[in-house]
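Enquirer: Model the full structure from these sequences, guided by the hints.
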Amino acid sequence: MIRFENVGLRYGMGPEILRDISLHIPERSFQFLSGPSGAGKTTLLRLLFMSLKPTRGLITIFGKDRSRISRTELPHLRRRIGVVFQDFRLLDHMTTYENVALPLRVRGREEASYRTDVTELLKWVGLGERMHVLPPVLSGGEKQRAAIARALIEQPE
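First residue of the sequence shown: 22, per the numbering used here; consecutive thereafter.
The hints are simulated quantities; they were obtained by calculation from the structure and are not laboratory data.
Among the clues, some could well be false.
[Unchecked claim] Straight line, CA to CA, 25 angstroms or less: simulated DSS-like cross-link-like pairs of lysine-lysine:
#1 LYS164 x LYS144
#2 LYS74 x LYS85
#3 LYS62 x LYS144
#4 LYS62 x LYS74
#5 LYS62 x LYS85
[As the list claims (entries may be wrong)] Distance windows between CB atoms, simulated:
#6 GLU48 x ASN27: 18 to 24 angstroms
#7 ARG40 x GLN165: 28 to 34 angstroms
#8 GLY35 x PRO157: 36 to 42 angstroms
#9 SER88 x VAL154: 38 to 44 angstroms
#10 SER88 x GLU141: 36 to 42 angstroms
#11 SER43 x ASP113: 37 to 43 angstroms
#12 PRO157 x GLY33: 34 to 40 angstroms
#13 HIS114 x SER43: 39 to 45 angstroms
#14 GLY33 x VAL158: 37 to 43 angstroms
#15 GLY129 x PRO57: 39 to 45 angstroms
#16 ARG130 x ASP108: 32 to 38 angstroms
#17 ILE38 x ARG136: 40 to 46 angstroms
Every residue gets a Cβ at the ideal spot worked out from N, C-alpha and C, and that includes glycine.
Expert: Right, here's the structure in full:
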């Protein structure tokens, strides 16, 4: 599904921030990334989510070379990947339910077509009783579970 081969990244003429990263993420797998502050976790996720391009090496996503993926293809490919960012990226003015449903709304789906899926997923992550609560009221762990539910709602590959 996703493969990095000897990937490196540098900003401008500065030092290489990521060096010789090689990894393979199989389809339908669940991975997590951990490490000390400043180790490059967020940068690696940005490469994975295609918001950055590497300065060297090869990134293959669903069999496509990252360097040959057009801007119009990016949103389609991103929808196939579920990513939970460390800041959760929940919208404070939307309920937990609305945050999880947002990717489906953006794609133009009618609420009636996904209401049960969102509700069941929120129950599965332990937020069934918190679906109508705004993110500022949620604990850190609840925000994390809401972000996980949002990453899973489109059934990423």
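Enquirer: Is the gap between the beta carbons of ILE38 and ARG136 within 40 to 46 angstroms?
Expert: Given a distance of about 43 angstroms, which is inside 40 to 46 angstroms, the answer is holds.
Enquirer: May I ask you to test the hint 34 to 40 angstroms on the CB atoms belonging to PRO157 and GLY33?
Expert: 37 angstroms, holds
Enquirer: Given the hint of 39 to 45 angstroms, is the C-beta distance from GLY129 to PRO57 inside that range or not?
Expert: For PRO57 against GLY129, whose Cβ atoms are near 42 angstroms apart, the range 39 to 45 angstroms holds.
Enquirer: Taking 32 to 38 angstroms as the stated bounds, is the beta-carbon spacing between ARG130 and ASP108 within them?
Expert: 26 angstroms, violated
Enquirer: Assess, step by step, whether the Cα of LYS74 is no farther than 25 angstroms from the Cα of LYS85, and give holds or violated.
Expert: 14 angstroms, holds
Enquirer: Please test the hint of 28 to 34 angstroms on the beta carbon pair from ARG40 and GLN165.
Expert: About 30 angstroms separates the Cβ atoms of ARG40 and GLN165, which means 28 to 34 angstroms holds.
Enquirer: Lying within 36 to 42 angstroms: is that true of the beta-carbon distance SER88 to GLU141?
Expert: For GLU141 against SER88, whose Cβ atoms are near 39 angstroms apart, the range 36 to 42 angstroms holds.
Enquirer: LYS62 and LYS144 were given as a pair; does the straight-line alpha-carbon distance stay at or below 25 angstroms?
Expert: Distance ~30 angstroms between LYS62 and LYS144 Cα, so the pair is violated.
Enquirer: Verify the CB-CB distance for SER88 and VAL154 against the hinted window 38 to 44 angstroms.
Expert: Between SER88 and VAL154, where Cβ atoms are some 43 angstroms apart, the hint holds.
Enquirer: Lying within 36 to 42 angstroms: is that true of the beta-carbon distance GLY35 to PRO157?
Expert: Once the Cβ atoms are compared, 37 angstroms apart, the range 36 to 42 angstroms for PRO157 and GLY35 holds.
Enquirer: Range first: 37 to 43 angstroms. Now tell me if the beta carbons of SER43 and ASP113 are that far apart.
Expert: 38 angstroms, holds
Enquirer: For the pair supplied as a hint, LYS62 and LYS85, is the alpha-carbon distance within the 25 angstroms limit?
Expert: At roughly 23 angstroms apart (the allowed maximum being 25 angstroms), LYS85 and LYS62 satisfy the hint.
Comparing the model with each earlier hint shows violations of hints 3, 16; every other hint is respected.
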